[in-house]
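Taken in sequence, the protein lines are chains A and B.
Quick note on numbering: my numbering labels position 92 of the first sequence as 80, and the sequence is numbered without any gaps.
Quick note on numbering: my numbering labels position 144 of the second sequence as 1467, and the sequence is numbered without any gaps.
Where hints are given, some of them may not hold.
[Said to hold, decoys possible] Among the chain B residues that face chain A by a calculated CB cut under 8 Å, a handful are:
#1 His1370
#2 Gly1384
#3 Ile1388
#4 Gly1405
#5 Gln1410
#6 Arg1486
#7 Asp1541
#8 Ala1542
[Unchecked claim] To be clear about the criterion: a stretch of chain A counts as covered by chain B if any three or more of its residues have a C-beta under 8 Å from a C-beta of chain B, and this derived list gives those stretches:
#9 18 to 28
#10 76 to 83
#11 265 to 275
#12 287 to 295
I should point out that these hints are in silico values taken from the structure, not numbers from a laboratory.
All values derive from a computational prediction rather than experimental measurement.
For glycine and all other residues, C-beta sits at the position ideal for the given N, C-alpha and C.
These are the residues of each chain, in order.
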Amino acid sequence: MYTQGLNNHDATANDTSANSERFQARIDAEERIEANDWMPKAYRRLLIRQISQHAHSEIVGMLPEGNWITRAPSLRRKAALLAKVQDEGGHGLYLYAAAETLGVSREELVDQLLAGRAKYSSIFNYPTLSWADIGVIGWLVDGAAIMNQIPLCRCSNGPYARAMIRVCKEESFHQRQGYEITLTLARGTAEQKAMAQDALDRFWWPCLMMFGPPDSDSQHSDISIQWKVKRFSNDALRQKFVDATVPQAHLIGLEIPDPALRFDEATGHWVYGQIDWDEFRQVLAGDGPCNRDRLAARRKAHADGQWVREAAMAYAEKRRARPAKLAA
Amino acid sequence: MCLMKSGICEMATTSISIAETPLVALMLERADDALILGHRLSEWTGHAPMLEEELALANMGLDLIGQARELYTMAGIAEGCGHDEDQLAYLRDARQYRNLLLVEQPNGDFATTIARQFLYIAFADPWWRSTMASSHPTLAAIAAKAEKETAYHLRHSSEWLIRLGDGTEESHARAQAAIDALWPYTGELFEPGNPDLIAQRVCPDPPTMRVAWNRTVDAILAEATLTRPSADGILRGGRAGRHTEHLGHILTDLQYLQRSFPGATW
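Chain A extracted, bound-state conformation (with noise of 0.2 Å):
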């Protein structure tokens, strides 16, 4: 998902000593754990980098989304764009204070990820090559988002928890907003249609990769969900996800572009073919087809914007030094 670059296989599991245990009592117990609990150190580097995998996705994200703003093809889907788009910046911004309770500031996260020592979901390394993106990245890659953080509401983390669930009501709206995109384009001219069909053939495969490498991978049990960060594995998200969102995809007329799709009666489920584990692979470790440019807008912004924040410290140094003044 937004954090699928984690691997969650810490030794610190095995901690044995009295606090440790308390903690597992308390986790066990579904408490939250706050800022000030006691927490075990690698606890906390999970969360740390959980949260900020996820804080940096929101606004790398904002990248592909942004990249339609100033073509919206209505007044009502320009101001819906910008306002969704908005939404990433506030998410990251709650995330980024999530992480910042565990001790750790939001420039040393940043740092992180502008020298490329941080991951963010894979999914925004793909491009927007059409209006039709808009729609179905809301639909989809929302729509992934929203199942693999509505247990993340219930996380063990209390203000990462607290993030989740506005961040989750707001992904539910954006979803709805992207399906209703591309219910438009599908029901719209021939060449819409096609838009939204090209779309979707391009980011269903990649949409599928957001939850994470498959349970098969993992041969250790998994730490993160002992620590109830994690509540469901990879499998399990993804077929929620395919479950949920093949009919979806048949009630507007579009073809899941996965030729060994079929639903098999006995479970209930349907049952997708084989994910391109290589081409996640590449796009994760920086050789997807924009990797290089969302990297290379964030450092752009970010040095561009030197200037400004120091002359907003500067400016707060001064006022500190003359308050008399500026009171008046």
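On the provided structure of chain A, position chain B as indicated by the hints.
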């Protein structure tokens, strides 16, 4: 009632013709100002100097696009040819756009964006406040909403101009350069309105806003330790559809899908 001679004003594939009565022209002027400035602000998305400003610039852009939508809808009703907000925004050519040259100027650096916002809003804020007393009820209602928004835009852009002007040496230089570069476009803010509309108290006459604008601009520039350019703002033409080269590029982006797929519903 459509004022165009033909029952069919235009084909869907080409630019529309507008029956521009003074009232329609007024609505289009204000709608175009709001849309083009909102569009410019939206170009910052994903590229702002800090996350808080991403949100603030998008907020202001959304306010302005919202104002434009209401004004276009009202212009369409006043015109009586059945033109909706999208036809008015997407199917007029640059020569038919009536916005101020100031608002179409490129974003430049953050100082330029802030200076552009400030110089425009220092006019728009008192103009909308005064328009709340309009004899035209719909315009008065739009003004009541717009005024709340422009009051925030004025506060936000003033605070930033002060921070940049009185921040570092670099930010001061950039802020002064931005004010100097945009200043020639400020005279157009005060072009006299249509005498009939003024007489009917539909809206205030822009020249009467000059006192309030000067007061705001002088106070904020002083606090920002910036110098007010001495020359008058002499560049104009936007209200008559004679724009800078920038508007054509904005419309190329803005109108791309509507022009490429005529008659489609989005």
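These are the hints, each one checked on the structure:
1. His1370: holds (4 Å)
2. Gly1384: It holds, given that the least Cβ distance between B/Gly1384 and chain A is near 6 Å, below 8 Å.
3. Ile1388: holds (5 Å)
4. Gly1405: violated (16 Å)
5. Gln1410: Constraint on B/Gln1410 not satisfied, violated at 10 Å.
6. Arg1486: holds (4 Å)
7. Asp1541: violated (17 Å)
8. Ala1542: Where the cut-off is 8 Å and the nearest Cβ of chain A is about 13 Å from B/Ala1542, the hint is violated.
9. 18 to 28: violated (count 0)
10. 76 to 83: holds (count 4)
11. 265 to 275: n = 0 at 8 Å, threshold three: violated.
12. 287 to 295: Answer holds; 6 residues pass the 8 Å Cβ test.
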